[in-house]
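S.K.: Sequences listed follow chains A and B, in order.
Its first residue numbered 1, the first sequence is counted upward by one per residue in our numbering.
Its first residue numbered 345, the second sequence is counted upward by one per residue in our numbering.
In case anyone wonders, no lab produced these hints; they're calculated from the structure.
Using N, Cα and C, we set each Cβ at its ideal position, and we do this for glycine too.
Do not rely on the hints blindly, as some may be mistaken.
Okay, the calculated bits of chain B under chain A, using three or more residues with CB under 8 Å as the criterion [said to hold, decoys possible]:
id, segment
1, 389 to 399
2, 428 to 434
Here are the simulated distance ranges between beta carbons [claimed, not checked]:
id, chain 1, residue 1, chain 2, residue 2, range
3, B, 356, A, 336, 54 to 60 Å
4, B, 449, A, 195, 44 to 50 Å
5, B, 403, A, 256, 42 to 48 Å
6, B, 356, A, 10, 30 to 36 Å
7, A, 260, B, 486, 42 to 48 Å
8, A, 336, B, 486, 54 to 60 Å
9, B, 473, A, 21, 42 to 48 Å
10, B, 395, A, 256, 53 to 59 Å
11, A, 336, B, 384, 42 to 48 Å
12, B, 449, A, 107, 49 to 55 Å
13, B, 485, A, 13, 41 to 47 Å
14, A, 166, B, 470, 53 to 59 Å
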Amino acid sequence: MVPGNQNVESRLQLARKQSQALRAALGQVVVGQQGVVEQVLWCLLAQGHVLLEGAPGLGKTLLVRTLSQCLDLTFSRIQFTPDLMPSDITGNNMLRLDTQGRTGGGFELHRGPVFTQLLLADEINRATPKTQSALLEAMQERAVTISGIRHPLPEPFMVLGTQNPIEMEGTYALPEAQLDRFLLMVVVQSPDTEQMLQILERTTGQPSPDPSAVLSCADLLELQRLCRDIVVARPVMHYAARLVAATSPGAAGAPPVVQKAVQYGASVRAAQAMVLAAKARALLDGRANVAFEDVREVAAPALRHRLILSFEGEADGLTTDDVVHEVLAGVGEHPEAVARELRG
Amino acid sequence: MPAQTEFFREFSRLRRVIRRARLQRAGLSGTTSGLLLALPLAATAWWYGNDALRFGALGLGLVGAATFAFRAERRGLSDEEVALFLDSRLATKAEITTALSPERATELHELVRSRATQLLSAARTEQVRPTIYMRFHALAVFGVIGIFGLGWLKSPGLADATPAPPARPLSVVGLSGFENLTKLDQLRASDPEQAERLKALAEAARRLQKSLAQGLPDRDALSEIAKLRDGIHSELGELGNSENRAGLSAAVEALRRVDATKKAAQALGDGDLVRFDSEMKKVAQAAEQQDRDKAKEALRQAIAAAKQKGAKSLSRELAEQEQQLDARSHAAELFKQLDAALDEKRREGKLPESAPSAEAPSKDAANLGKALEDALKQLTPEERRRVAERMKQGIEDGSFDFDPQAQAKMEQMAEQLSTPEGQQKLAESLKRLAQPSAGAERQQGLRDGLKGLGQAQRELSGVPIPLGRSGGGLPQAGDGSAEGNAPRAGRGGDRGNHDGKTERVHGESLRAKSEPALDLSRPLLGASQGRTPARAGETANARGSGALEAAKAGELLGVDRAPIPAEYREQVSRYFSPE
């Protein structure tokens with residue numbers, strides 16, 4: 001082993017141990033939902049934001065709060081409601097009064113809940129589009145502009161939005177531009193009976209002590225830097241690009257279901273999200289390079305919220321997950337020559 | 345960089361394994377495809393009984409192997425594709441592909457390459473070797489078995505091949521046409537070589553006659569007849585051969601300038617020496633001495649021209665004609681005198697009006713001697729003496745415008761006429777003069793030979809002879825017996841009166857447009873001679889027969905004088921005289 005490689009190898013081993021410790025700490029509080037936890041960790045390492053979609057009471061908020069505790073990061077929660085104003089999120093300049101209640105002290109910045117490291121935007125689809133868009137700058141630029149002054153957000157910064165797909169009345173569907181800012185969209189499934197039994201045991205007795213932090217902020221930033229260094233071979237990257245391209249109805253090689261059921265395909269940002277999430281997955285697995293299976297695994301959470309179904313697709317009852325499944329089946333990992341050779 | 349070098353060494357090793365396996369598989373696939381293609385080809389060859397092609401079809405297997413291997417090499421996998429293949433075969437997480445990617449050398453990249461090297465080193469050849477044998481390749485065995493299996497089966501093409509018809513043995517004695525053939529060696533030849541050839545032809549005819557008497561397959565008999573016919577045609581065309589061709593043209597041109605010899609020139613141009621001889625006899629009997637002199641001069645010029653062009657046999661033939669021209673002229677003059685004496689006797693009433701004239705036989709010069717005897721029998725010795733004196737008187741007073749040599753000849757004839765012995769000698773001399781020239785006699789003999797040959801062939805093979813008057817056939821020229829005045833509608837399709845009472849047509853003044861007389865010396869139209877080999881660009885009628893031979897002299901004469909390129913002239917010459 002080359003000496004330089006030993007250092008990198010140890011860093012990868014350390015990342016693997018840290019991720020395992022983080023999973024274990026989360027697992028002490030959150031029952032089941034390993035897939036959700038895994039995908040949230042991909043987002044965390046890839047410096048992305050995640051949109052959790054699931055029915056109420058499935059532990060979305062618990063997951064985010066536990067994550068903040070395990071990571072020793074600052075945590076804020078915003079409950080989105082129709083009357084929530086943008087300044088309620090970003091904060092604003094307040095007139096400063098002296099002790100006698102007189103003005104003249106100028107304005108004082110009152111930071112909103114967005115100034116945190118982990119932001120839980122609960123039921124994000126209940127706020128008006130105007131308020132929802134207040135998060136756009138924060139999510140993309142990792143900064144907030146108040147009264148013309150740009151205020152950077154702390155690092156690391158991650159938005160975890162949740163939305164309830166059932167109660168559609170009085171909600172405002174997130175615009176495509178904002179959905180695109182979420183690296184992944186994670187679907188939270190209902191727990192099975194066994195998991196529910198464990199939840200009952202843990203939540204109906206004495207409250208458990210809060211989990212201790214297993215990863216410092218510095219450790220997390222180091223992991224995020226290492227994630228960016230993970231190597232991606234050109235054919236793997238090409239595979240991700242072909243997958244994204246195949247979601248566009250007019251693209252060559254798009255499966256028939258895409259031609260039929262998709263109105264608009266995924267953007268370039270989807271390909272970026274797939275590669276970044278794949279890198280995070282490889283890192284969590286202790287590998288220095290991305291494999292084809294990494295791309296395959298991250299395809300569904302990275303693409304499902306970026307596809308817009310056509311009327312025909314919706315009428316047929318198709319979901320974006322169905323489309324992604326077809327795309328994965330239709331687009332091969334290897335060039336035809338290699339595939340033919342492998343078939344023998 | 346050692347890690348990099350080691351990686352590429354291991355990678356190259358496995359890449360060679362993959363390449364070899366792919367080439368082997370492509371070769372097998374190509375062989376199989378070739379053999380499967382070869383199978384129907386071999387079956388077709390088997391069906392038609394072509395053994396060489398049947399087993400040669402196996403070569404398609406080799407061709408297929410080479411083609412497929414070449415294509416596999418041309419479409420070989422790139423390094424990236426090989427890496428992907430190895431990743432899949434070794435079930436790795438794309439480490440090999442990533443290690444091969446030309447990225448900047450980060451620590452992580454080096455780590456990946458190091459892991460990839462370990463994977464490649466641990467990989468066994470069997471793990472990464474692509475599939476060589478496919479189910480499809482089993483068909484190659486089927487193809488080979490099929491092709492060799494066809495070798496065991498009897499070819500239907502061979503089995504069904506129509507056997508050659510059995511030769512019909514002939515045993516014929518006394519074929520009527522062979523008399524003329526066996527006399528060919530008695531003809532006067534133009535040179536010793538021709539004499540040898542004529543002798544050989546006569547000998548071949550005798551052999552054939554003998555073989556037929558003993559029994560000979562019909563094919564062989566017809567083949568021998570064809571050979572004889574070719575030989576005779578070759579001799580008949582002697583004037584058109586390369587030696588005489590130029591001389592013939594010059595001689596014909598010389599004779600054509602004089603009116604008296606124009607017909608003779610045409611006959612000579614046609615290569616017809618019999619007709620030429622006949623025309624020259626007519627010239628010798630011309631009424632005017634001036635015409636004879638002109639003809640003699642033209643003949644001399646023709647001889648000179650033929651000699652100049654190197655036409656030896658032609659010049660000999662023409663020289664003989666020149667000698668006979670004088671003698672025939674004298675004989676003609678003698679007949680005139682005899683005719684005058686007979687006229688005088690007829691006027692005196694001593695001879696009936698119906699008595700034959702002495703001039704009449706002159707139209708048929710072949711019977712000159714006999715005619716002279718007949719004429720002299722009608723005269724008394726005294727009258728014969730008077731004719732001789734009259735001839736002498738004419739010579740003395742210059743009534744006959746002969747040259748001195750001719751005058752001496754005439755005086756000799758007059759002397760002979762005055763005595764019975766001389767008369768007998770003169771008659772014999774005139775008989776000799778009536779004989780045709782050597783060339784004419786030879787040509788006539790050869791034609792008779794051909795005629796006999798045709799007769800013999802018909803007797804052997806039963807070639808149908810067209811009947812002159814069957815159905816709507818053409819009437820014979822000049823026989824004045826054309827029957828029926830009803831309209832005729834083509835051959836055998838008469839629409840006229842068929843009650844058997846066709847009225848006579850008075851057609852004495854009419855002439856038939858064609859000469860339907862059957863020339864037995866020439867092959868029938870459309871009859872196959874069958875034996876002459878053909879050559880590309882030339883005529884199968886190599887020796888020349890029928891219409892081609894007849895047209896030969898005229899055509900050659902035409903191109904000789906036409907303003908055409910020499911190459912075309914040579915081509916026409918070769919067409920009519922392939923040898």
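S.K.: Determine whether the Cβ-Cβ distance between residue 485(B) and residue 13(A) falls within the hinted range of 41 to 47 Å.
M.R.: violated, 56 Å
S.K.: Please check whether residue 356(B) and residue 10(A) have a Cβ separation lying inside 30 to 36 Å.
M.R.: At roughly 31 Å between Cβ atoms, residue 10(A) and residue 356(B) fall inside 30 to 36 Å, so the hint holds.
S.K.: Within 42 to 48 Å or not, the Cβ separation of residue 336(A) and residue 384(B)?
M.R.: Check failed, 31 Å falls outside 42 to 48 Å.
S.K.: Verify the CB-CB distance for residue 395(B) and residue 256(A) against the hinted window 53 to 59 Å.
M.R.: With Cβ atoms ~56 Å apart, the hint holds.
S.K.: State, for the Cβ atoms of residue 166(A) and residue 470(B), whether the hinted interval 53 to 59 Å holds or is violated.
M.R.: The hinted range 53 to 59 Å holds for residue 166(A) and residue 470(B), with Cβ atoms some 56 Å apart.
S.K.: Using the beta carbons of residue 260(A) and residue 486(B), state whether their distance is inside 42 to 48 Å or not.
M.R.: At 45 Å between Cβs, range holds.
S.K.: Is it true that residue 473(B) and residue 21(A) lie within 42 to 48 Å of each other by Cβ?
M.R.: The hinted range 42 to 48 Å holds for residue 473(B) and residue 21(A), with Cβ atoms some 43 Å apart.
S.K.: Take a look at whether the Cβ-Cβ distance between residue 449(B) and residue 107(A) falls inside 49 to 55 Å.
M.R.: holds, 53 Å
S.K.: Verify this for me: three or more residues of the segment 428 to 434 of chain B with a beta carbon less than 8 Å from a beta carbon of chain A.
M.R.: holds (count 4)
S.K.: Quick one: are residue 356(B) and residue 336(A) within 54 to 60 Å, going by C-beta?
M.R.: violated, 24 Å
S.K.: Counting residues of the segment 389 to 399 of chain B whose CB is closer than 8 Å to a CB in chain A, do you get three or more?
M.R.: violated (count 0)
S.K.: Do residue 403(B) and residue 256(A) keep their Cβ atoms within the hinted range of 42 to 48 Å?
M.R.: holds, 47 Å
Checked against the numbered hints given earlier, this structure breaks hints 1, 3, 8, 11 and 13; the rest are met.
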